[in-house]
Amino acid sequence: MPQLRIVVLVKQVPDTANVTGEAMKEDGTINRSALPAVFNPEDLNALEEALKLKDRHDARVTVLTMGPPAAVQVLRESLYRGADEVILLTDKAFAGADTLATSYALSLAVRKLGGTDLVLCGRQAIDGDTAQVGPQTAEKLGYPQITCVSRVDKLVAPAEGGEAGSGAITATRSIEGGFETLTSTLPCLLTVTGEANDPRPPSVKLVMTYKGIAAEAMPEYDDSYLNPESDDAEVCMIGRDGKPVCRARVVQWDHEALAADREALGLRGSPTRVKEIESVVLAQSEARMVAPDEAGIAELVHELIEEHILG
Amino acid sequence: MASAAGDPRANDVWVVVEQHDGVVAEVSLELLGRARELAGQLHVQVGAVLIGAGSALKDVATALVARGADTVYFVAHTDLAHYLAQPYTQVVTSLIREHEPQIVLYGATTTGRDLAPRVASTLRTGLTADCTDLRIGDHSLKGEEYKDLLYQIRPAFGGNIIATIISPLHRPQMATVREGVMVMPEEDRRRDGRIIAVPVTRTPEPIKVHAGVALSDADFVVKLVKRVQEEKRVDLKGARIVVSGGVGVGSREGFALVEELARTLGGVVGASRAAVDAGWIAHDHQVGQTGTTVRPKLYIACGISGSVQHRAGMDQSARILAINDDPLAPIFSVAHYGVVGDLHKVIPLLIQAYRTKGAGGEAAPATSPAAPTQPAAADGGAS
Numbered sequence: 001m002p003q004l005r006i007v008v009l010v011k012q013v014p015d016t017a018n019v020t021g022e023a024m025k026e027d028g029t030i031n032r033s034a035l036p037a038v039f040n041p042e043d044l045n046a047l048e049e050a051l052k053l054k055d056r057h058d059a060r061v062t063v064l065t066m067g068p069p070a071a072v073q074v075l076r077e078s079l080y081r082g083a084d085e086v087i088l089l090t091d092k093a094f095a096g097a098d099t100l101a102t103s104y105a106l107s108l109a110v111r112k113l114g115g116t117d118l119v120l121c122g123r124q125a126i127d128g129d130t131a132q133v134g135p136q137t138a139e140k141l142g143y144p145q146i147t148c149v150s151r152v153d154k155l156v157a158p159a160e161g162g163e164a165g166s167g168a169i170t171a172t173r174s175i176e177g178g179f180e181t182l183t184s185t186l187p188c189l190l191t192v193t194g195e196a197n198d199p200r201p202p203s204v205k206l207v208m209t210y211k212g213i214a215a216e217a218m219p220e221y222d223d224s225y226l227n228p229e230s231d232d233a234e235v236c237m238i239g240r241d242g243k244p245v246c247r248a249r250v251v252q253w254d255h256e257a258l259a260a261d262r263e264a265l266g267l268r269g270s271p272t273r274v275k276e277i278e279s280v281v282l283a284q285s286e287a288r289m290v291a292p293d294e295a296g297i298a299e300l301v302h303e304l305i306e307e308h309i310l311g
Numbered sequence: 001m002a003s004a005a006g007d008p009r010a011n012d013v014w015v016v017v018e019q020h021d022g023v024v025a026e027v028s029l030e031l032l033g034r035a036r037e038l039a040g041q042l043h044v045q046v047g048a049v050l051i052g053a054g055s056a057l058k059d060v061a062t063a064l065v066a067r068g069a070d071t072v073y074f075v076a077h078t079d080l081a082h083y084l085a086q087p088y089t090q091v092v093t094s095l096i097r098e099h100e101p102q103i104v105l106y107g108a109t110t111t112g113r114d115l116a117p118r119v120a121s122t123l124r125t126g127l128t129a130d131c132t133d134l135r136i137g138d139h140s141l142k143g144e145e146y147k148d149l150l151y152q153i154r155p156a157f158g159g160n161i162i163a164t165i166i167s168p169l170h171r172p173q174m175a176t177v178r179e180g181v182m183v184m185p186e187e188d189r190r191r192d193g194r195i196i197a198v199p200v201t202r203t204p205e206p207i208k209v210h211a212g213v214a215l216s217d218a219d220f221v222v223k224l225v226k227r228v229q230e231e232k233r234v235d236l237k238g239a240r241i242v243v244s245g246g247v248g249v250g251s252r253e254g255f256a257l258v259e260e261l262a263r264t265l266g267g268v269v270g271a272s273r274a275a276v277d278a279g280w281i282a283h284d285h286q287v288g289q290t291g292t293t294v295r296p297k298l299y300i301a302c303g304i305s306g307s308v309q310h311r312a313g314m315d316q317s318a319r320i321l322a323i324n325d326d327p328l329a330p331i332f333s334v335a336h337y338g339v340v341g342d343l344h345k346v347i348p349l350l351i352q353a354y355r356t357k358g359a360g361g362e363a364a365p366a367t368s369p370a371a372p373t374q375p376a377a378a379d380g381g382a383s
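For the protein sequence lines, the chains are G and R, in the order given. Just so we're aligned: 165 in the working numbering is position 165 of the first sequence, and the numbers increase by one with no gaps anywhere. Just so we're aligned: 293 in the working numbering is position 293 of the second sequence, and the numbers increase by one with no gaps anywhere.
Just chain G, same shape as in the assembly:
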């Protein structure tokens, strides 16, 4: 029986390389549907680190995301790479959450899983670049944290019987102009940077295995998916034939499934507010064009020396 339990926190993010004004809503939040959605890059590094540990240890990898129903796509991609179990936290009550409210919901989900040995997540997401959700989730769980991890050096899996504090992890984090290596008992939360690894591509075999659920599952948010009366508020993905495909369940939890304090969720649970946003408009100048030849460059260099710009 497995042994090392790993939870990976991932996020579906808008591809911030292609933002237009139409993607911004009046209140300063992002209209995600107006942008292509991608797997947050450093979360893929976190997943890869989990899968590498699974390759070496007897581990169970659970991937957890909070987002709209469409975020199920990053869960699919996690299954294609080797995740064992995927969970989607989706509920209108989660909408508009800042990092504090997000980490609250994520920590409740980890608790609902009965805790874990290791939580891995990307250092930061490319839409907000805050790097806050990792440490805040660790704090809410009462776990220690090692952030900005560029290398996992060593893992000692917890002893049989799961005595608290019996496992340990050693990891190296990048700091300004150097690095530091830290060791922690388990459970522990790590945030992983892009330096850590090259994420594996989806496995063809796994894509074939799971492609039935890659079809039409979960089109729109719909409360009928959920049965809040039951603690078992889980649903299988619905396959093309309309029947549940339970080989890889996408478990879906809402705020009641998490027994969450409604006041601590979403916008209501978020201390921060966006007061205003403005598009970045940088000072424009008329560049003087210089010919890309010896004479043009020589004259430019001469001018810069004359003006004491170059010494």
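Simulated from the structure, these hints should not be mistaken for lab results. These numbers were taken from a predicted model, which means no experiment stands behind them. Misleading hints may appear alongside valid ones.
[As the list claims (entries may be wrong)] 20 Å max Cα-Cα, derived SDA-like pairs, lysine to any residue: (1) R/K357 <-> G/D293; (2) R/K226 <-> G/V156; (3) R/K226 <-> R/G54; (4) R/K226 <-> G/P158; (5) G/K275 <-> R/L141; (6) R/K223 <-> G/G178; (7) R/K58 <-> R/I195; (8) G/K154 <-> R/K223; (9) R/K345 <-> R/V247; (10) R/K345 <-> G/A291; (11) R/K223 <-> G/F179; (12) G/K54 <-> G/P158.
[Stated by the list, open to error] Just a sample of chain G residues kept apart from chain R, beta carbon distances all over 12 Å, derived: (13) Q3; (14) E48; (15) D58; (16) Q73; (17) G82; (18) D84; (19) K112; (20) G115; (21) G142; (22) A159; (23) R200; (24) V204; (25) K275; (26) E294.
The beta-carbon is built from N, C-alpha and C at its ideal position, and this holds for glycine as well.
Let chain G serve as the given structure and place chain R on it in line with the hints.
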């Protein structure tokens, strides 16, 4: 704790100072300068939290007063010699709970960005990451007027927008702030300030204390194995000349050319985020919103298209020279001089021209600096 108690507006503005082996991070000093301005507007004082160990720390505390702190909360213990998230969180949250500052600022370093979120989560208050500006202003929300809030201004969404974030109902208001975006305050050795030694109680089991900070074994489950600080750090901020490479450089090897130009001109090598992400050069060299903000006398952008996030980190340079084979690259819109061409040809020309000028001084033929360039006329004629 989360909500404001008493008259929170009378409370101080704090900076959580980062130091390693007695050397204070520059961003902490920059923050003291801005904290002074904010405190001046709010008619309150500036507090600095200094955590560490060792005899050199006392001098650091004095130096913080000289840079603008009115009160230094001096927390020294051998177990606090190196930064660790949990004990430092315990120290900072204990002090915040006791003194209730209205604003707490941290450097947006790997340390600050590790510590501040954990503190914010413990206190259940708001935190804005990586601010590039801080101001005081008002806000109305559901008919309520909130006076003298901290406007926390930061780029978001890949640098395409600048967002102003507020935390109207929660105290303290907290932010991490990017290094190099605020002005370093002058040192004034005549300034008066208090240095308060905060008692630290270190026990195996957690206990409650009436004053100061209590640390237990539970705060030390993470241990530092080793810390390696490379001798030489890339000093982009202080550089007079920055030569940066982007995607157009093409490869790790291609950066040798950029490095040679930087060396020839006595400059420092910079890079765009794309070049760093491609693994061609270390992150320390990155210029832009998620890297270092630079204001050199001369910035040379080689093969950099000029994303918003890059331009925001260099557009204050006194002179900008852009070299790109795409005449429509956005970098040209912030450049003073543009060269449309292959950087692998243009950079050697620059190196050659500089070496020749350096040796020959004013002897080389040149038109008046004010005259426009005459590309065709001299083409291929020289040397």
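Tell me the hint numbers this structure goes against, listed in increasing order.
Going through the list in order, the structure violates hints 4, 21, 25, 26 and respects the others.
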